[in-house]
Amino acid sequence: MTEVIGREKSFLSTLREDRWWISPMLVLFGLLSFIVYSTWAAWQGEYFWWSGALNAEGFGGYLSPFYSPTFFLDITKEGIPPISHALFGEWPNWLWWLPGHSPAWLILIFPLSFRFTCYYYRKAYYRAFTFSPPACAVGGIPQKDYKGETGVLLFQNIHRYAMYFAIVFIFLLSYDAVMAFFRDGEFGVGVGSIILLINPILLGGYTFGCHSLRHLIGGRMDCFSCSHSAEHSHSRWKIVTYLNRRHQMFAWCSLVWVGLSDVYVRLVSMGVITDLNTWV
Amino acid sequence: MGNRKFKIYRGDNTKGELVDYNCDVTEGMVVLDAMHRIQADDANDMACRWNCKAGKCGSCSVEINGRPKLACMTRMNEYSPDETIMITPLKAFPIIKDTVTDVSWNYKQNLKIKPFSPAQNKNNTEKGLVMQQVDVERTQHFRKCIECYLCQNVCHVIRDQDAKEKFVGPRFMIRLASLEMHPMDDADRIPAIKEDHGSGMCNITRCCTEVCPEDIQITDDGIIPLKERVVDRYFDPVTMLYRKLFKK
Amino acid sequence: MLDISEIRQIEFDVLVIGAGGAGLCAAITATKESKKVGLVCKSLLGKAHTVMAEGGMAASLGNVDKRDHWKIHFRDTVRGGKMLNVWRMAELHARHAADRVIELEQRGAVFDRTKEGLINQRNFGGHRYPRLAHVGDRTGLEMIRTLQDYGIHQGIDIHMECTALDILKDENGKIAGVVCMYRDTGEFIIFKTKSLILATGGGGKAWEITSNSWEYTGDGYAMAYEAGAELMDLEFNQFHPTGMVWPPSVRGILVTEGVRGEGGILKNSEGTRFMFDYIPEKFKNETADTEEEAARWLAGDKDARRPPELLTRDVVARAINAEVKAGRGSIHGGAYLDIATQRSAEDIKKKLPSMYHQFKVLAELDITKEPMEVGPTCHYFMGGIRVEADTTMSTVDGLFACGECAAGMHGANRLGGNSLSDLLVFGDLAGVGASNYAKQLGAVPKFNEEDAKKIIRNATSILNRDEGENPYLLHEELQNNMQNNVGIIRTDTELQKGIQNIENLKEKNKNVKANGSSQFNPGWHEALAMRNLLITSEAVARAAYMREESRGAHTRDDFPTESEEWCQYNIITKKGEDGNMQVIKEKRKEPNAELFRIANATLEDLEAEVAEERKSQL
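Sequence lines, in order, name chains A, B and C.
Taking the numbering used here, the leading residue of the first sequence gets 1, the next gets one more, and so forth.
Taking the numbering used here, the leading residue of the second sequence gets 281, the next gets one more, and so forth.
Taking the numbering used here, the leading residue of the third sequence gets 529, the next gets one more, and so forth.
Bear in mind the hints are in silico, worked out from the structure with no lab data behind them.
Incorrect hints may appear among the rest.
Here are the simulated PhoX-like cross-link-like pairs (lysine-lysine), alpha carbons at most 25 Å apart as the crow flies [stated by the list, open to error]: (1) Lys-144(A) to Lys-446(B); (2) Lys-1103(C) to Lys-1113(C); (3) Lys-560(C) to Lys-394(B); (4) Lys-9(A) to Lys-388(B); (5) Lys-564(C) to Lys-388(B); (6) Lys-9(A) to Lys-349(B); (7) Lys-444(B) to Lys-9(A); (8) Lys-238(A) to Lys-643(C); (9) Lys-1103(C) to Lys-1038(C); (10) Lys-392(B) to Lys-560(C).
When you get a sec, could you build the whole thing from the sequences and use the hints?
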């Protein structure tokens, strides 16, 4: 007789023999890639706009979602929208320290906080980054006084406020999608327009499937049939529930698509690739 | 399907070993059938807990090749013919003997929960409670639970972090959800859910949902909605103010 | 030498053995009346056989069809029971079932709802109206979980995984206690009690093909028998018509009657819907005779008569049996139960989720696309411990019984859905009866220590002897014997052979040996159960041999019809002075005239009477 089998509580202890580590590895790779790319892209502060010519004027154009809305613009940069696009005008002196004078820094906190406190992403990164636990029935890092989300992680409860901002962004990005169908006031369609149109759709699928939204819109009620307004809430709740069941899928699709949109606008703006469109 | 190799934990909470067995497997057999065959032929005194053999009672919870499962609902043909099948007791609970564990902790959690308290209003009639199907569906979904405790076993808060004092576990979170979402229940359990039952201990890594043999959406439909109700009460200034103003 | 004072003892006013629906109900009711209530269960709490019940609990709530009334429920019950029911029990059941169901809802059960928001009710075999309060196809789970979650807050002292071995009495023959054994440690314990309620269920594990789990070893029958109580009508063993037949390892697992209630039809290998050929004379007027009428009924036409698939269980089981014997069985020797062509896939998943799941996992079959293969499986004991209807007390002072282990309520055949309501009604009555008895008793009677010693010695000798019979093999042998010789269709010679085999097995069992220690030792538990199974089997076989007629679930090939004469008699088995089993043919009491009238009224008359009664109340 040996000691009791498979009962030790140590990091990675498991009796599983399947490749349980694949899924957290994929998540780790996927999220890290996005973080690295988006940080780099935000750092650039240029080549996030294209409207037929470098620094072109006029109504319409492609704007990278990382840079929307644009608060300030450093007009010395290449591949940026006309200054009229900046909500607050030229780059202020007191923001001299922001890397690359990039307006992306000023807004990325909103989508970032939404995704960071998202009930799906929490699972993803708790498993892949903090190993609590790395996979089901695989030992996490033993802690003396495990607190879950009652200690430092208490801030996760702000998720619904992050969601409110995320909804604002859906409207902003939808506006950008409409703009992408115009160039110098003229309607048209380009590959970029399609890409920037799909972007808010996927983001909407993700944002409107939010668990907090599902709660606020109807889930908080115990009775769906007790009043007329409750019945309406129930219909809305069912729509959010439909999206909520696909939250993970939309989370990844929208994440990849946002990155892809930026890549596309950037490459077109830099002149590396040519946008196929109806304007030429 | 031929002769198959098994490794089954034999022993108690202090010492034990994986013992090799062989068993002839025929079509349609589940792991529990093989355990019974081994018990009858080679190991008369091998303890194993079971009842209905149809996935309805939740007695035969074990870990098969390291994964928490019901032995009666795990078919032998899920494993490749040359794979050795390893059966071990639930890790989160003390072993009584062989694959049988002491799950009494779970029964103590249930005692902490304020039971159903029917509202005494116009919908409580002599013909019973008046409730619409749409309103009871969420509660019914949770009541599919067969108390196999696989979710309790796989929950890392209970399994790895020894926080049994601080968290009731997924099974009882959905019991709480079934009561909180009951259209005719009058009791308020939100303070208890936050404090005594430890909703904040869960970091929603969803293993409970993955192992649930009844496919209950423990995380999405049970725990997260409860966490959101706790946010309403304790963390969201707007809903807190609303409650104050309208005394709801 | 064994010293009884070294064995732990706990004292109760009321002790309940068995924590299924009946036991929990009894214990809960007892807490309202008595101070110290105990509950002993062989498994973990909430795992008892009640969770296997699927279809629903019958009660004349009248939520779906307002015409329903307790009198009609009563009539259905006794006609289904072939008039052999204890009249008063069937009456109590039909009268109180609705109240008990509503009470269960107040305790937290969440039934499916009607459009008006009331408890929904579904059709079932033998019930005139949609009568079964249900939750999908997991009604038993709902019931036991509700009682469990409610019961744990009532101050019941619950002892889980604890096997009752035998009953203790005082010198006057009154109940004094029971010797039990904790399965996990093997520790013995004596529960002293003023009154004892047996709610131990049936003994279906004596058969090979059975829907019953390991727990169903007839413990209550055997303990009561050993304590001198009378058993009644044990020859009536219900074979549920639809158990799974394939794959072999799940043979016998129940397929709910709800499948037929929701429209499922039975076909043979030739594709014929054969139940139309098996409608008994007595039910001709109430059963559809064309597929067209059956379809109209399913669509909700209240004037159409019920499809023949919803005839009582004994009829359907025999029909399937006959089809298979005639060579028209399914590939694996059953009949085809087809719901796929009758209802949409979505409906099936919604109404029968656990059946869908069960077939998907265990048989790799999608019931929304393909027919199921089903065949009869041993399911339920109508007979059991003879009790007095209102108090549920047996013929031993202080010994009560309720649920499946009590006799009388269901007569010769039980209607589906009547068992869950039986548990609620008689569980409750037992709680009251046992509490009242305990109250008038004063002190707990003093048990005979020699008896206790003997019980413990008998149990430990199984472990202590050097060698002997393998209990698992003995059990298999018994199951073979019961399946082949005391099965659905019985004959004189087979029954004689069956009895002889049981006698041989009894001899072998005296030398049964379990290996290993006393801690959680299934071999030992199996050996302990063997005695109970053997007593139960013997009583079944002997009673079946004596009853020379076919009635309800008891079918004799050599006496193929019901006999007026036999309807006057119950068969009583009890332990004789010499220690051998006595089998007595006992004349039944004259029925209450009013009840007799209701039972024999035509449906039309009774419906008119009920409607009239309602009008006058308004």
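Do the hints match the structure? See the list:
{"no.": "1", "hint": "Lys-144(A) to Lys-446(B)", "verdict": "holds, 13 Å"}
{"no.": "2", "hint": "Lys-1103(C) to Lys-1113(C)", "verdict": "holds, 15 Å"}
{"no.": "3", "hint": "Lys-560(C) to Lys-394(B)", "verdict": "holds, 20 Å"}
{"no.": "4", "hint": "Lys-9(A) to Lys-388(B)", "verdict": "holds, 24 Å"}
{"no.": "5", "hint": "Lys-564(C) to Lys-388(B)", "verdict": "holds, 20 Å"}
{"no.": "6", "hint": "Lys-9(A) to Lys-349(B)", "verdict": "holds, 20 Å"}
{"no.": "7", "hint": "Lys-444(B) to Lys-9(A)", "verdict": "holds, 14 Å"}
{"no.": "8", "hint": "Lys-238(A) to Lys-643(C)", "verdict": "holds, 20 Å"}
{"no.": "9", "hint": "Lys-1103(C) to Lys-1038(C)", "verdict": "holds, 18 Å"}
{"no.": "10", "hint": "Lys-392(B) to Lys-560(C)", "verdict": "holds, 22 Å"}
Checked against the numbered hints above, the structure breaks none of them.
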